[in-house]
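A.B. asks: In order, the protein sequence lines correspond to chains A and B. Each step along the first sequence adds one to the number in the working numbering, with nothing skipped, and position 90 is 90. Just add 1000 to the spot in the second sequence (first one is 1) and you have the working numbering.
By construction, these hints were calculated from the structure, which means they are not laboratory data. Note that CB positions come from ideal geometry on N, CA and C, so glycine has one too. Possibly wrong hints are sitting among the right ones.
[Said to hold, decoys possible] Far from chain B, some chain A residues (derived; all Cβ distances over 12 angstroms):
(1) GLY2
(2) VAL13
(3) GLU101
(4) ASP105
[As the list claims (entries may be wrong)] Now the stretches of chain B that chain A is said to cover, found in silico as 3 or more residues with beta-carbon under 8 angstroms:
(5) 1046 to 1053
(6) 1085 to 1092
(7) 1097 to 1111
(8) 1119 to 1130
Listed below are the residues making up each chain.
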Amino acid sequence: MGLTSTSHGPIQVITVHSDRIDAAMAIQFKEDMRAETENGADRVVLNLSGVEFIDSSGLGAIVASMKQLGKDRRLDLAGPQPVVQKVFRLTRMDTVFRLFETLDDALSDPDA
Amino acid sequence: MKPICNETCLELSFPATDAEASAGIARLSSGLANHGLPPDKSDDVKIALAEAINNVVEHAYKGIAPAKVQVTCRLDRNRLDILISDTGHPLPGLQMPDGTPAPLGKTTQDLPEGGFGWFLIHQLTSDIQYERRDGCNRLSLRFNFDKNA
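Next up, chain A with everything else stripped away, as it sits in the complex:
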């Protein structure tokens, strides 16, 4: 699947290196996210800028990744392309996650 993780002060940024998060990789994605966030920061930003397509299985895997963090930690999303934004909007998951247009926006968010 391919995730890389970097630290930006207190924030952990996980970047997805796959152009799709779909049914074929949803389980792997969820497992990789668990491994990456096991001992991580309270705030995790998932950088989706390279993701050109997501389906409802991929969406479910991102939801599962947020649940894995538990209630004191948070998963925010950065850089979603229009098709990814559309899936979040139609399913109303855009009301659950905070979506930032760019990674810079996510990192400079004053409410973080």
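Since the structure of chain A is provided, determine the placement of chain B on it from the hints.
C.D. replies: The following block gives chain B in isolation, referenced to the frame of chain A:
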């Protein structure tokens, strides 16, 4: 708008596995784009097509050896028709789910991790038909193009 020849047909058939479906959906999406699918429709088509094919992989062939998914696309000036057929289990009650989305629940832990597939298909298509014929499931998705878009 780029001229579209009278009607374009695209056909693809692949084994109903996650990996083959993923590659097949990507090929169909780029094929349709190359054949003149209006760019403002391409995301809707990609999403609905993926959900419909994923349903076949996950449900139609559940518990049995996955056979093939056959996808036929007919693209013309005003609309796109996609027929997806498979030889798996029929839809329960021979009916399409009505596409009510899973409720988001009250807390993060309540959030649904699935149950959005049919909802998305209903939202993104202009018309859907399902029939069971000769041991095959035949799901037709229609996308009308808004000329004013």
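A.B. asks: So, against the hints stated earlier in the document, which numbers end up violated here?
C.D. replies: 6
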